[in-house]
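Peer 1: Based on the provided sequences and hints, a complete structural model is requested.
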Amino acid sequence: MNIIRCVWVNEDPIYQAYHDEEWGKPLYEDNKLFELLMLEGMQAGLSWYTILKKRDRYRVVFDGFDPAKIVLYDEEKFTELMNDPGIIRNRLKIKAIIRNAEIYQQIVKEEGSFANFMWSFVGGAPIVNHWATKADVPVTTPQSDAMSNALKKKGMKFVGSTICYAYMQATGMVDDHTLDCFCRNKML
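According to the numbering used here, the residues represented by the sequence shown are 1 to 188, in order.
It is possible that some hints are incorrect.
Derived EDC-like pairs: lysine to aspartate or glutamate, alpha-carbon spacing no greater than 16 Å straight-line [said to hold, decoys possible]:
(1) 157 <-> 145
(2) 93 <-> 80
(3) 54 <-> 12
These aren't lab readings, by the way, just hints derived from the structure by calculation.
Peer 2: See the structure below:
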């Protein structure tokens, strides 16, 4: 049986599993939403496939993306991260994760949960699009612009509108599986 997936998925079983089991499925767990936003930020200038292959290592070195632990990172931990060949060793991106963990905690305190805040940009429910081809899919939307602006205003880094839209797609805030994708068809 020939399975038709979104055209951006390559033949790697890891990438296919990510597409088939995770991408576009609504995610409401605060820490998982934080993790995915941080990983999307790590993708800036790279491909998601590159980050996906390193995701398990990121989870180890960033303590499961637990913001309560990340905010306690000191210079020694930062140096350890900068020397870890299993992650993208970009000084600004690593510092951003540490800073963003502080902002995450502020958002949770102010909004009750990170999920409530993030999902507010799509009205609390997934936006289901009807794209025929990858070329039809936008890279930003008014909703991703609003999310990006709000996160930047709070002090987060690596949360531009393109990153936010990719995040919205990945977390199921937006369903951008193309019409020919088997994931789209099984959701109808």
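Peer 1: Among all the numbered hints in the text so far, which are the ones the structure does not match?
Peer 2: none
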